[in-house]
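Asks: One-letter residues, chain by chain:
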Amino acid sequence: MLDILFYVFSAITLVAAVLMVLSPSAVNGAMCMIVAFLGTAALFVLLEAYFLAVLQVVVYAGAVMVLFLFIIMLLDVEKGEGGNEYKDKLTLAASAAGFLLVAVLVCSAFSGAHLPEPALTAVSDNPTVFDGGIPFTTSAKSFGYSLFTKYMLPFQVTGFLLLAAMIGVIVVSKKHEVIEESDNS
Amino acid sequence: MTVGLNAFILVAGLLFAVGLLGVLLRQNTLVIYMSLELMLNAVNLALVAFSRYNGTMDGNLFVFFIITVAAAEVAVGLAIIVALFRRRQSVMVDHLNALSR
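From first to last, the protein sequence lines stand for chains W and Z. Sequential numbering from 0 applies to the first sequence in numbering that gives the first Met the number 0. Sequential numbering from 0 applies to the second sequence in numbering that gives the first Met the number 0.
If we strip away everything but chain W, and leave its shape as in the complex, we get (with noise of 0.2 angstroms):
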């Protein structure tokens, strides 16, 4: 049943990823983002990561896509544009031969049977036994107790990110309206 799963949210992703490349408008790309966003999130589930399936759900198609949809349309850049929306023919031919060549490899590399296929471990139930390594568990007190103890740094230096995010955006956003006149002038 689980594999049935596997294969169906993979195939979604997959289509719904080559669908957003390939729309020639960007509202319908991004909607098909957002359903290859929850296929991914599906596929979070499958592997157990329940708290990283609805972060998933939350940030990634929620406030992300919230934020693509609401630029793409404040801009309106579908106004006025014709068919041109992708580049020559010299870039069409050498992008698909790039694309066909990561395939190819990706395919090639991990479709065989030559690669040791590691088995399943059992999910533990303590999430602060702490030998050697955090072990897997589905609760989300791991994340809280992995954050506060062997990442700690990088959690405060994310909040500093944050925060250096948050006033990068202000000042890029703001307007400068001496600049502006000395430009017009």
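Because the hints were derived from the structure by calculation, they are not lab data.
Here are some chain W residues pointing at chain Z (derived, C-beta under 7 angstroms):
{"hint": "1", "residue": "9"}
{"hint": "2", "residue": "43"}
{"hint": "3", "residue": "94"}
{"hint": "4", "residue": "98"}
{"hint": "5", "residue": "157"}
{"hint": "6", "residue": "161"}
{"hint": "7", "residue": "167"}
These numbers were taken from a predicted model, which means no experiment stands behind them. Beta carbons: idealized from backbone N, C-alpha and C, even for Gly.
With the hints as your guide, set chain Z onto chain W.
Replies: Quick look at chain Z alone, frame taken from chain W:
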């Protein structure tokens, strides 16, 4: 579940390749940016798969940090695109060639 690690890595690699195709192929800066997000997402999938089959929590924590950084990156990048559109009235990469002229 009998699906192995390599199947998940295969899906993640194909997702990454599709994102790369989008970055190379498209002209709209916003769609290029969405393709970049797709590539980040493919890496997230690979990290979670490795974490699950390794039996440790570290990969999940990395994905946690990647999601945070990606959210900050989207906010900054979209602000830059809006500032660019205000100045040049276009987000197509063919019109943004001031450095190559």
